[in-house]
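Student: Single-letter residue listing:
Number of protein chains: 2
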Amino acid sequence: MEFESENQEKKNFFTLEMGKITRHVEKIAQEDPRRVIHSLKFGFTLTLVSLLYYLKPLYKTFNISAMWVIITVVVVFEFSVGATIGKGLNRGLATLVACALALGALHLASIPGKTVEPILIGIFIFIQAVASTFIRFLPKVKASYDYGMLIFILTFSLVSISGIRTNEIFKLAHMRLLTIFIGASTSMIVSILVCPVWAGEELHKLVAQNIEKLGNFLEAFADEFSNKSSSSAESQNDRSFISCLNSVLDSKNNEETLANFASWEPGHGHFMYRHPWKQYLKIGNLTRQCACRLETLRGYLNSKIEASEEINGIIQSKLSEMSSESGKALKQLARDIETMTRPFSPNPRIENLKIELKNLKSLLKSNANLLQAIPVAGVASLLIDIAICVENIEEAINQLASCAKFKSLDPNGVEGEESKKECRSVILVNEPTICG
Amino acid sequence: MEFESENQEKKNFFTLEMGKITRHVEKIAQEDPRRVIHSLKFGFTLTLVSLLYYLKPLYKTFNISAMWVIITVVVVFEFSVGATIGKGLNRGLATLVACALALGALHLASIPGKTVEPILIGIFIFIQAVASTFIRFLPKVKASYDYGMLIFILTFSLVSISGIRTNEIFKLAHMRLLTIFIGASTSMIVSILVCPVWAGEELHKLVAQNIEKLGNFLEAFADEFSNKSSSSAESQNDRSFISCLNSVLDSKNNEETLANFASWEPGHGHFMYRHPWKQYLKIGNLTRQCACRLETLRGYLNSKIEASEEINGIIQSKLSEMSSESGKALKQLARDIETMTRPFSPNPRIENLKIELKNLKSLLKSNANLLQAIPVAGVASLLIDIAICVENIEEAINQLASCAKFKSLDPNGVEGEESKKECRSVILVNEPTICG
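Chains A and B, in that order, give the protein sequences.
Under full-length UniProt numbering, residues 1 to 436 are what the first sequence spells out, in order.
Under full-length UniProt numbering, residues 1 to 436 are what the second sequence spells out, in order.
It is worth saying that the hints were derived from the structure and are not from the lab.
A virtual CB, placed ideally from N, CA and C, is assigned to each residue, including glycine.
Be a bit skeptical, because a hint or two may be false.
What the hints assert, rightly or not - Just the calculated beta-carbon pair ranges, DEER-fashion:
#	chain 1	residue 1	chain 2	residue 2	range
1	B	F170	A	Y54	19 to 25 Å
2	B	E338	A	L108	47 to 53 Å
3	B	I127	A	C195	45 to 51 Å
4	B	L108	A	S247	31 to 37 Å
5	B	E31	A	Y54	50 to 56 Å
6	B	P346	A	I37	39 to 45 Å
7	B	E168	A	H268	46 to 52 Å
8	B	F14	A	L108	38 to 44 Å
To be verified - Only pairs whose alpha carbons sit at most 27 Å apart, straight line, appear in this in silico DSSO-like list of lysine-lysine:
#	chain 1	residue 1	chain 2	residue 2
9	A	K205	B	K252
10	B	K142	A	K27
11	B	K278	B	K318
With the rest of the complex left out, here is chain A (with noise of 0.2 Å):
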């Protein structure tokens, strides 16, 4: 009796964390679809490769470097395209260039004869690691060119070292290079092919979508600092609110990561090879400097009933109305982004927020004595700050639009040779990176 209920509690037990277990996978499957095509696209590719081993004609040709196809694959398939065309192609060129540079250190050495070979291919590769592991700390390098510099030292090292005892050197060189070349070519196709996750795609998103959360931010902001909700409901919207904002104070690396393998990827969709994606990694920059007074002023509300009584019915409706201003310009370039779409010059929004701007400054100097309490000085300091924030967003998204072509819906909008003048100066005069 004893063992049978043990027994059935030890099956509970196991029914209980398989639930978790399952719900678990379940969010992360639900949280982005793509993760399980990406994994079932990459099961495909692999058995598609595995299929060298089984056909006999083509194990005879390759023989034992069939695995490097393989392994290849298992490497180089990953989640986007960008970054999957970046490590095919670094991984490509890398063992190109490590094949030839060994086939000619193999060679330096044969000629003094067989007593010293082994040393001097023993010092090009000591020489060859400490130069190529110390190029590999170049900021430029180590941002795209990591992982070619992996496979370089890798390849070189194998190739020289093989040259000592296999007299058929160059066969395996050939063999290297062309079942990196099979594997690498399929992950690429299968990568375009089915179902593609463009990083570029993702980087643009990415950006409108955190400017749309600032946005909501402030447009919550106005909605708290004029009607008093409930404290409940409050703190529970502030814990989603600092959530979101740190996911867009932390989100620098991430936007980096996609511009750089962005810029690997052909053109697709509405974006051109070579669109201007470090534009985004500015447009970011500036949005989370925006957030880092977002971030502060959170720190005001918290603060909020020490001072909402001395706070001053005026000036308070006036805030209100700064915070939500500023909040709808901020959605309205994040669609603007999203759809791809020119932000009407001058634009309506921005001019709104320049108006409220002016008057809250006009307001704030002529009833300085308005200002009873610190809180709402410090409020009012930080909604200008924010305004200008905004309008700096909106700067750096009409370079953008300009430099990557946007659709223009304003009837007055300059387009054509006057847009792409204005993006020229950008690219030559302002900024030479930005556009390129």
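On the provided structure of chain A, position chain B as indicated by the hints.
Tutor: Chain B in isolation, oriented as in the chain A frame:
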């Protein structure tokens, strides 16, 4: 003549370019001389394992598998000890598990007969690849075991595929395990014994340096607020401050990577095994929150000229004092972390700051009409907010000091049992994962 001058020109151009590259390389080396040492360490290790090929008895044992030693060293040897150990263990354990499972799968597939075998193995590879790739998306796996999962997929596929053709599959699996063990352990030993770079120590220093940077910024702000420095020196200062603040704001990713590596490291120097690395991340987050406020403050600084004439003398000096006190408190906290000294309790610097905070608040309340200029009010409320940030950072550092058993200089300080109790309560009650 023309040809000669052209040649001369080319030579000059070449010399110029080489000079540029040399200076760039020198800068990278001078920034952190350990980069040069790491390159030499890696070159030494790679040449060492290449010896396996020169020594005939060793070559006879390992044959072609010897190249796995080289591959392992190239892939596993990283800049910090923690990263090397983490990758080495991931690679070793993943290979062990994958070999065992692949052998099991081969046995299963061989039961129904020779014709079905390749089909079954193909199905196993597909299922394994899809499941493992999906598991790599789980955040916890991605953070610590991503590389292990990659090696698992690779080894499982290679071993089970080779099983179809080779009868010596047990020997192959055994060789792969042994060679990876040799490569990984050589890398780890060299990494630990020759000028080790500990990720934990790096994290420790980085967190302290970031707090110090904020302290410097606040002290400089205090100076600038009381005296008017010349505008040219100022703009240069401003630029260096921007890059300083940005480096603090962008440090999250770096800190998380270092904390992850640090968790793989054995005890060393002042850091025991299971040092509370997560608490550093908490301090880092609070530091970035504070940096956000300083970023906002910097925004106000830029509009300083507009406001300077309206600023009232009393408040100005009070604000300057407040800023300087906050800066000093932060720099003291940074020194405490660096020297692993338990902050005095109650902390005199923080007590000072609290008094200043109280004074400023009451001054502002009694002299509301002093606040003629909005920027002053903004700066005032920001500084109040920053002081609260500093207190939060101090609290987090106190928790770290308890958990990590910092030495105490405080004659009245809590030590021994009491501090242990404090730490345990932090671990058990407040946030279960903090000191884990």
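Student: If a hint holds in the structure, say so; if it does not, say that too.
Tutor: Results for each hint:
1. Taking 19 to 25 Å as the suggested C-beta distance range, the pair B/F170 and A/Y54 conforms, at roughly 22 Å.
2. For B/E338 paired with A/L108, a C-beta distance near 50 Å keeps the hint of 47 to 53 Å intact.
3. At about 20 Å, the beta-carbon gap between B/I127 and A/C195 misses the expected band of 45 to 51 Å.
4. At about 45 Å, the CB distance of B/L108 to A/S247 disagrees with the hint of 31 to 37 Å.
5. Taking the beta carbon of each, B/E31 and A/Y54 are about 53 Å apart, inside 50 to 56 Å as hinted.
6. Checked against the given bound of 39 to 45 Å, the beta carbons of B/P346 and A/I37, roughly 58 Å apart, lie outside it.
7. Taken as a hint, the range 46 to 52 Å holds for the pair B/E168 and A/H268, whose Cβ atoms sit roughly 47 Å apart.
8. For B/F14 and A/L108, the Cβ-Cβ distance of about 24 Å falls outside the hinted range of 38 to 44 Å, so the restraint is violated.
9. The hinted pair formed by A/K205 and B/K252 meets the criterion: a straight-line CA distance of about 22 Å does not exceed 27 Å.
10. With a CA separation close to 16 Å, the supplied pair B/K142 and A/K27 stays within the 27 Å bound.
11. Under the criterion of a C-alpha separation no larger than 27 Å, the hint pairing B/K278 with B/K318 is inconsistent with the structure, at around 37 Å.
In summary, the structure is inconsistent with hints 3, 4, 6, 8, 11 from the numbered list given earlier, while agreeing with the others.
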